[in-house]
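Visitor: From first to last, the protein sequence lines stand for chains A and B. Note that full-length UniProt numbering has the first sequence beginning at 1, numbered continuously upward. Note that full-length UniProt numbering has the second sequence beginning at 1, numbered continuously upward.
Please note that the accuracy of each hint is not assured.
[Claimed, not checked] Rough simulated footprint, nothing fancy, chain A against chain B, three-plus residues with beta-carbon under 8 angstroms: (1) 200–212; (2) 234–241.
[Unchecked claim] Here are the simulated SDA-like cross-link-like pairs (lysine to any residue), alpha carbons at most 20 angstroms apart as the crow flies: (3) K96(B) to N85(B); (4) K220(B) to H22(A); (5) K199(B) to Q59(A); (6) K220(B) to D21(A); (7) K199(B) to A30(A); (8) K199(B) to K71(A); (9) K199(B) to Q3(A); (10) K199(B) to N26(A); (11) K199(B) to D16(A); (12) K222(B) to E20(A); (13) K71(A) to Y57(A); (14) K196(B) to H22(A); (15) K79(A) to D6(B); (16) K199(B) to D14(A); (17) K199(B) to T73(A); (18) K222(B) to A24(A).
Because the hints were derived from the structure by calculation, they are not lab data. Every value quoted in this text rests on a predicted model; they were computed, and no experiment measured them. For each residue, glycine too, the CB sits at the ideal point set by N, CA and C.
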Amino acid sequence: MSQLAVGSLTVELDEDGFLEDHAAWNEDVAKALASTEEVEELTEEHWKLINYLRDYYAQYGVAPMVRKMCKDTGFDQKKIYVLFPGGPGKGACKVAGLPKPTGCV
Amino acid sequence: MAAKLDQGPPNYKEMLPPVILENYGKWKYHEIPRPGVLKHVSESGAALYSVRVASPRLVSIDFVRDVCTLADEYCDGFLRFTTRNNIEFFVSDEAKLNPLLDVLAAQGYAVGGTGASISNIIHTQGWVHCHTPATDASGVVKAVMDDLYEYFEEMKLPAKLKMGLACCLNMCGSTHCSDIGIVGVHRTPPRIDHDKIRKGTEIPSLVASCPTGAIRPDPKNKSVVVNNDKCMYCGNCYTMSPAMEIYDAKNDGIAILIGGKVSNARSAPSFSRMVIPFLPNNAPRWPEVTEAIRAILELWIANANKGERLGEWVERIGWERFFSLSGLPFSNMLIDDYIFARETFRTGAAFKY
Chain A
1 MSQLAVGSLT VELDEDGFLE DHAAWNEDVA KALASTEEVE ELTEEHWKLI
51 NYLRDYYAQY GVAPMVRKMC KDTGFDQKKI YVLFPGGPGK GACKVAGLPK
101 PTGCV
Chain B
1 MAAKLDQGPP NYKEMLPPVI LENYGKWKYH EIPRPGVLKH VSESGAALYS
51 VRVASPRLVS IDFVRDVCTL ADEYCDGFLR FTTRNNIEFF VSDEAKLNPL
101 LDVLAAQGYA VGGTGASISN IIHTQGWVHC HTPATDASGV VKAVMDDLYE
151 YFEEMKLPAK LKMGLACCLN MCGSTHCSDI GIVGVHRTPP RIDHDKIRKG
201 TEIPSLVASC PTGAIRPDPK NKSVVVNNDK CMYCGNCYTM SPAMEIYDAK
251 NDGIAILIGG KVSNARSAPS FSRMVIPFLP NNAPRWPEVT EAIRAILELW
301 IANANKGERL GEWVERIGWE RFFSLSGLPF SNMLIDDYIF ARETFRTGAA
351 FKY
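Sequences are here, hints too, so could you generate the full structure?
Guide: What follows is the structure in structure tokens.
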């Protein structure tokens, strides 16, 4: 288990760099997480995807399927990989503070 | 510079020995001159010998290098791995065949796995690498193949016998369609870590992962509850959420399934069916498992017709005859009770006392 220092705050990360407790997320944490995912600056498009993921999770309690994510945000999969090189799961969901994807990944 | 992406695997034709490349699609017939050696003859008269050697699947780079050294010396640097993770050395020069076999024998490689034999056991990660297993893979496979080694080396079975091992019910590999399948099973419900669920689990996915609907959301607690009467310990919820630990050193073990096949020869492909619901995990040699498999195997050898796969033999004599011959206890655990189970019940009056 590692830790990530965000200003005066320290958040716990699991071994893959996901938030241990998804309630610990805020915008500064997102910026700090982005720097671990080869995202130098969170642009408006990044925030659109992050906010969409957070809204969807708050409403349904699950991360959206990739098809749903593309349809609702208007970004195709390629675009998502341009924004988050780690991909929709390891990249975008991590920065958005969603739980780590599970199953046979 | 960024790594080259999306390039796919190398073209397999770059790695074929010249004799295969020249005779690609022009093979006439093959024969098995001795166990572990295949001879393919092409229309042009060219012959290719392949020498099949066992591998434990989980190997070190040193092992791979040793195999490469042998391939360099006897096969002009060519070899392949089979779909059951055996190694095949290609010999196009007949004069090199016996020297290769001699050096393989001297260095302790096991030549075999052709024809009516037990070839390698297809298996999974087990305690070596996976987080959901109910048993080990490599250890059980080693114990079983040690016990049945004679059947790998020789072709003295009624038909080929394929074995698969999966360390949990995910059944990665081929246990559901093998003559003998070895599957890791749990016997206790998951232990819920409510705090972990609150901190980071997709509860709807967790609820949906249960095949029997035993998991209900518990909104007040922001967690879930498990109905233990409905749970049959598949462990699928643990795959979805790390908060549902299910492994249990005392109660985890192995179930044995028999009678599956994938080929269309003679009879249609079939699933394997459970005949032993539970054997304990008794590492490192799993004596109960090796004993049970040998007993089933020897019964099949003694009773099957030539060319009859294990499942075909049992279907011919009937399952109750199989249980009375084998002396295996038939318990209610073997009676299917999952949704469309009716198809597996007897709906006719034809049976033997």
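Visitor: Identify every previously stated hint that the structure contradicts and give their numbers, smallest first.
Guide: 3, 8 and 17
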